[in-house]
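Student: Can you build the whole structure from these sequences, using the hints too?
In my numbering, the protein residues as written are 3 to 560.
Fair warning: there could be bad hints in the mix.
Stated by the list, open to error - Computed list of lysine-lysine pairs in PhoX-like fashion (alpha-carbon distance at most 20 Å, straight line):
no., residue 1, residue 2
1, K129, K177
2, K177, K446
3, K43, K129
4, K315, K449
5, K205, K129
6, K250, K429
7, K177, K555
8, K537, K224
9, K315, K446
10, K273, K205
11, K250, K224
12, K555, K537
13, K250, K205
14, K327, K315
15, K449, K327
Since the hints were made in silico from the structure, they are not lab data.
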Amino acid sequence: MKTKQIIYILLFAAIAFASCKKDSFLNRTPLSDISPQNFFKNENDLQLYCNQYYSQLPVQTFVNADDNSDDKANASLNVFLAGTYTIPNTAPTSPDLTQVQWNFSYIRSYNFFLANYAKANISADIKNIYVSETLFFRANDFWGKVKSFGDVPYINIYISDTSKSVLYGTRMPHKQVMDSVLKDINFAIDHLPVNAADGRLNKYAALALKARMCLWEGTYRKYFGVGDESIYLQQAADAAEQLMSSGKFGIYTTGNPGSDYYNLFIQDELKGNTEAIMPMRYITTILMNNYDRQLGEAGDGYSKNFARSFLCKDGLPTSISPLYKGDDTPEDEASNRDPRYKQQIATRGFDFLNGDLITLPRIGTSVTSTGYQPIKGRSSSLAAWNAGQSTLDLFIFRYAEILLIEAEAKAELGLCTQSVLDQTINKLRDRVGMPHMMLANLVKDPKSDFPGLPVLIDEIRRERRIELGSEGFRFDDLHRWHAGSLINNSETTLGMKLTPALKAQYPAGQVGSIVVDNNHYIQIYPGITRTWNDKLYLYPIPTQELTLNPNLKQNPGW
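Tutor: Encoded structure:
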């Protein structure tokens, strides 16, 4: 195998160009390390400047991912969902929060580049590659701010002393910001190369980001009733279809439905894997990570609600399938289910670490809070377990997500046919040996979390939830579907059934502190009710920013 050429090494060179300190709401530390008169002279200068952006790539790490949703219930209560989050004075850095911060330092860096790149004595085509990299990251940055704060100041010029009045403007409406974001990503798609230097952005990565952003925006506009959703839903489908028709990507499979899904996420090399539109790559002694060890000590767990959402192997939900054995034992609950159940949730016999096999759910430890231990991305390798020594690669953009985007966008547009399902959802099901989703045979789950939703969209959402479990998408999905109230479902703070018979199998005292309800389900936060408030769709703006700029208004409810 060819030695890995790690790109994100570019991150190290980036440090010299990052604006680090904060002195106002746009973090206006001067870019004094770079003189436009002496820099931006050639392609090397442009590339070196753009290297700093790569630390902002949306890498999927799995560690505590989706703890802020109905999929997980971490041992430590998420303060945001608990309703105890308070307005910060400045942008918070707590690891309990996963939202984009009110921080404009990178926006300023992008705009500085766009104000100066034209000085380079190179062709327009070469310049446009680095403009495209800049616009890709600017688009992703502003989209993140829209998701977190709604209307935001939209700054697309480099702010100098003569233009600093822009700092004190009002927030631009969400829809206008996203229209500008769409223009940025479309430029990037048009000008990034198909075959970029190893690890740098290419056309397909930009298409993947566009598909992701446009699905979010299109469904947000639909379910929040703000209008013009079809434009974005169609753009999402178009971007997905360009990736699908490229012939470069596919669903990873070796023909082993009982292990291929699990093995996809514990690979030492994702370069060349057809499912990796863009991977994050690691190499011994050069760039390594600690994610595998963290996954073994995360203290989180899937919720009862997530575990119940897996279909049975006949393609029917547990509420109506004759194959469902109930949940009196972990073995019964995992039996006859979608094979992704045992490839995401540790069951008896799973190798936790170098032959240390799971015999009982590791409740009451730092491993899992609910009994449903997440194992996506968790290797049993001793080498990966060593602190900071893992070289397991991660996904930035995964082809499976693109297929799910295509199916959902087409369903929302009323254009999802059996052919669309066969090219999307059923490709994912083929990997794990599940029956195909057939339009003519869909049956509404009587226990659906979306009882008023058409069965097709409901089941596509289920497929997305299962396929992308622990990849950090779930809260964004609840947001765009206007479905935050699912947090109120009591199943989202329950773990597995800990019957007296099962409890008796544990060593004395190991689960003595575990609290169960009257039906023997583990209560993650006994005595605490997680209650959704619609103000949680947006984070509050730090008070310091409101003081600095009186034209800013706080988000509703805060």
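Student: Which numbered hints are broken by the structure, listed smallest first?
Tutor: Violated hints (numbers, rising): 1, 2, 11; every other hint is consistent with the structure.
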